[in-house]
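Colleague: Take a look at the letters that make up each chain.
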Amino acid sequence: MTAVREPSKSQTPAAAPAPAEAKGRRPLGRPLLYTAYGQDMALLNTGAKKVAVGVLLVVALLLPFLLEDDLLRLLATGCVLAIGAIGLNLVTGYAGQVSLGHAFFIGIGAYTAAVVSGDPEDDRLYGLGITFLPVWLLAGGLMAALVGLVVAPLASRLRGLYLAIVTLGLVFLGTHVWNEWDAVTGGVGVGRPAADPVLFGVDLSRRTESFSADQQLYLLMFVLLCVFALLGRNIARSAMGRSFAAVRDRDIAAEVTGVDVRKVKRRAFVISGFYAGCAGALLFSITGYLDPSSFGLLLSVQFVAMVLIGGVSTISGSIMGAFFIALLPRLTRELPEYLPFLSSSATETPNVFQVETLLYGLLIVAFLLLEPRGLFGLWIRIRNYWKAWPFSY
Amino acid sequence: MRDVLLTVVRGLGFGSVYALLAVSFVIIYKSSKVVSFAQPALMLAGAVLVSYLAGPVGFYLAVPLAAVAIGMLGWGLERTTIRPMIGRPVFVVAIITLGLDIAIRVVVNVFIGPDVRNVGDPWGLSTVDVLGLPVQERYIAMAVVLLVVGAGLFAFFRYSRYGLAMRASSLDQETALVQGVPVGSMTALAWAMAAGIAAVAGAFVGAGGGVDQSTWVIALKALPAIIIGGLDSIGGAVVGGLLVGLVESFFATYQGEYLPFLGQNFSLVSPYVLLLVVLLVRPYGLFGTREVERV
Numbered sequence: 001m002t003a004v005r006e007p008s009k010s011q012t013p014a015a016a017p018a019p020a021e022a023k024g025r026r027p028l029g030r031p032l033l034y035t036a037y038g039q040d041m042a043l044l045n046t047g048a049k050k051v052a053v054g055v056l057l058v059v060a061l062l063l064p065f066l067l068e069d070d071l072l073r074l075l076a077t078g079c080v081l082a083i084g085a086i087g088l089n090l091v092t093g094y095a096g097q098v099s100l101g102h103a104f105f106i107g108i109g110a111y112t113a114a115v116v117s118g119d120p121e122d123d124r125l126y127g128l129g130i131t132f133l134p135v136w137l138l139a140g141g142l143m144a145a146l147v148g149l150v151v152a153p154l155a156s157r158l159r160g161l162y163l164a165i166v167t168l169g170l171v172f173l174g175t176h177v178w179n180e181w182d183a184v185t186g187g188v189g190v191g192r193p194a195a196d197p198v199l200f201g202v203d204l205s206r207r208t209e210s211f212s213a214d215q216q217l218y219l220l221m222f223v224l225l226c227v228f229a230l231l232g233r234n235i236a237r238s239a240m241g242r243s244f245a246a247v248r249d250r251d252i253a254a255e256v257t258g259v260d261v262r263k264v265k266r267r268a269f270v271i272s273g274f275y276a277g278c279a280g281a282l283l284f285s286i287t288g289y290l291d292p293s294s295f296g297l298l299l300s301v302q303f304v305a306m307v308l309i310g311g312v313s314t315i316s317g318s319i320m321g322a323f324f325i326a327l328l329p330r331l332t333r334e335l336p337e338y339l340p341f342l343s344s345s346a347t348e349t350p351n352v353f354q355v356e357t358l359l360y361g362l363l364i365v366a367f368l369l370l371e372p373r374g375l376f377g378l379w380i381r382i383r384n385y386w387k388a389w390p391f392s393y
Numbered sequence: 001m002r003d004v005l006l007t008v009v010r011g012l013g014f015g016s017v018y019a020l021l022a023v024s025f026v027i028i029y030k031s032s033k034v035v036s037f038a039q040p041a042l043m044l045a046g047a048v049l050v051s052y053l054a055g056p057v058g059f060y061l062a063v064p065l066a067a068v069a070i071g072m073l074g075w076g077l078e079r080t081t082i083r084p085m086i087g088r089p090v091f092v093v094a095i096i097t098l099g100l101d102i103a104i105r106v107v108v109n110v111f112i113g114p115d116v117r118n119v120g121d122p123w124g125l126s127t128v129d130v131l132g133l134p135v136q137e138r139y140i141a142m143a144v145v146l147l148v149v150g151a152g153l154f155a156f157f158r159y160s161r162y163g164l165a166m167r168a169s170s171l172d173q174e175t176a177l178v179q180g181v182p183v184g185s186m187t188a189l190a191w192a193m194a195a196g197i198a199a200v201a202g203a204f205v206g207a208g209g210g211v212d213q214s215t216w217v218i219a220l221k222a223l224p225a226i227i228i229g230g231l232d233s234i235g236g237a238v239v240g241g242l243l244v245g246l247v248e249s250f251f252a253t254y255q256g257e258y259l260p261f262l263g264q265n266f267s268l269v270s271p272y273v274l275l276l277v278v279l280l281v282r283p284y285g286l287f288g289t290r291e292v293e294r295v
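If you read the sequences in order, they're chains U and A. Counting with the UniProt record's numbering, you get residues 1 to 393 for the letters of the first sequence. Counting with the UniProt record's numbering, you get residues 1 to 295 for the letters of the second sequence.
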């Protein structure tokens with residue numbers, strides 16, 4: 001056989017592995033032995049993950065029947081925040097484009113949804129009167145994605161801290177627009193009703209015969225979180241996620257290896273905008289009311305905190321971080337019982353609200369200094385400890 | 001014409017404060033390649049300290065005292081939170097400063113209380129006649145402070161050993177280290193200087209109107225200034241700061257008349273519009289060094 005023939009032979013279709021072969025078969029009794037790429041990249045690539053995710057799903061679905069309504073409402077908020085945090089993690093964690101403008105996209109989603117679902121009879125506020133949830137959810141997401149597309153050219157021209165500052169500027173411009181555009185937002189201090197979560201004629205924010213409002217909202221948000229998390233995980237583990245990581249790690253090297261950097265940055269911003277828009281649309285349908293002052297820098301910082309505390313470039317980390325931040329106010333409310341000098345009234349100092357804000361700041365600093373991988377990293381440490389037990393490594 | 005001149009004076013007055021803040025950002029950026037989001041908190045802390053000290057020792061002594069005290073705070077921050085992060089991505093360090101900002105502001109807000117706090121400046125809103133124009137004294141004071149601090153910084157960087165060492169370590173840390181420059185101490189010194197300058201700026205932000213819990217936002221207007229001037233140019237920061245002040249002042253005077261559809265208080269966000277426009281045209285600012293990347 002000549003040397004010339006060899007490459008042409010390997011290019012024949014027959015040499016390509018059959019689909020079944022690509023997936024491979026796991027040898028019995030060797031759970032961590034991967035015989036094919038597909039197994040390694042699978043969504044649940046270990047047995048432990050399969051069990052853990054299954055148990056978590058069952059527990060999460062049982063929670064509405066075990067917990068009080070106010071806690072459920074908090075968890076529902078956590079689910080929505082997690083959707084937003086996944087969005088920020090995709091653009092900042094995976095694609096490395098530092099965005100402090102997440103609050104701006106959240107605002108766009110929230111107001112688009114509120115306008116789509118708003119009462120058309122109301123002559124003070126715009127409203128289209130389409131209260132069907134998927135419609136306003138997608139409208140909010142798509143509008144924010146569209147704005148992400150408009151902002152993206154800035155990102156492809158700038159990098160690093162320049163981009164962080166520009167996105168911070170977006171938050172201030174956004175706040176100005178929300179404060180001034182009364183027909184959409186209701187104006188400062190007045191606000192407007194948020195989108196109604198109506199699904200097939202049932203308003204989920206009102207109690208029905210069999211469920212309370214908070215039970216319904218929790219279940220709705222949990223299901224949506226599952227959908228968005230699965231979507232995010234699939235983006236992260238597919239070619240798109242790898243191109244994100246390439247741009248993050250070394251954009252010039254990525255360009256040399258054939259990644260279209262501009263396109264990837266644009267995609268990252270559009271996807272992140274979509275997530276943020278959906279999160280914004282849902283976030284305020286829980287409380288039923290939204291005010292222009294909600295979309296300031298603090299909201300952006302909270303999302304950054306979720307990503308950093310949870311774990312940069314992990315989907316499960318974003319979810320953990322979001323629940324952590326959502327439950328933090330509740331935890332600090334419990335503090336006065338143990339620390340009698342803390343007051344639970346906002347007019348006295350020191351009070352729990354100050355402690356809460358202080359904790360946002362200090363937790364960001366502490367996690368970055370001590371455990372840069374966040375809660376996800378803590379989990380990895382615990383897991384590795386027990387995996388190797390009784391040996392230390 | 002009179003209106004235009006008064007607008008220019010006001011713009012240059014506030015622009016001087018923005019320029020001071022921008023300089024404090026740039027000093028930190030040059031030493032550690034980080035945009036410090038802790039500056040708003042340091043500025044506010046300085047203003048509040050001045051407001052407490054101005055009673056017992058007088059405003060003119062209170063400002064340098066506060067600058068030294070906040071400088072020490074900046075030095076301490078660098079030692080405890082920035083130093084351990086050497087070698088980590090700058091974005092992470094920037095986010096740390098964001099966390100510091102939030103934490104410090106909570107403490108400072110306790111000392112401000114719910115109302116506006118007067119910083120005890122001698123000018124208030126009184127005016128002085130300059131060439132027939134009633135110019136507010138505080139604007140003159142702001143411009144003078146910028147000149148004094150700017151001249152001091154120029155002399156420091158140009159003629160002192162420490163200034164030379166700081167310039168060397170910002171140019172190339174490893175080479176500076178080889179030449180015997182204590183790079184770590186220089187970074188700490190940069191933080192201390194920047195914090196001190198922010199504190200001085202804070203005192204003058206409060207001049208006339210006092211400070212309250214939302215005053216910190218003013219420090220972020222220095223961000224458009226440094227971006228416009230380029231992150232690593234002190235001269236650019238001064239020009240950027242003045243430019244931001246002028247743009248804001250002109251919008252405050254004329255936007256209601258000519259561009260009413262932009263809404264009330266548009267002048268407060270106009271620096272960010274300026275920022276977007278400048279960056280779209282020149283991604284590295286007007287005076288910034290163009291980054292050259294090697295693979």
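Just so you know, the hints here were simulated from the structure itself, not pulled from any lab data. Just so you know, these numbers come straight off a predicted model, no measurement behind them. Heads up, some of the hints might be wrong.
As the list claims (entries may be wrong) - Taking lysine to any residue pairs in the SDA-like style, the calculated list, with each CA pair at most 25 Å apart, reads: (1) Lys50/U <-> Gly38/U; (2) Lys33/A <-> Thr332/U; (3) Lys49/U <-> Arg233/U; (4) Lys33/A <-> Ala253/U; (5) Lys33/A <-> Arg79/A; (6) Lys263/U <-> Leu280/A; (7) Lys50/U <-> Val261/U; (8) Lys33/A <-> Gly210/A; (9) Lys33/A <-> Arg333/U; (10) Lys387/U <-> Ile130/U; (11) Lys33/A <-> Val261/U; (12) Lys33/A <-> Tyr385/U.
To be verified - Covered by chain U, according to a simulated footprint, are these stretches of chain A (three or more residues, beta-carbon under 8 Å): (13) 50-58; (14) 73-87; (15) 252-266; (16) 272-282.
Don't be surprised by glycine CBs; every beta carbon is placed ideally from N, CA and C.
Colleague: Enumerate the violated hints, using their earlier numbering and listing them in ascending order.
Modeller: The structure conflicts with hints 2, 7, 8, 9, 10, 12 and 13, although it agrees with all the remaining ones.
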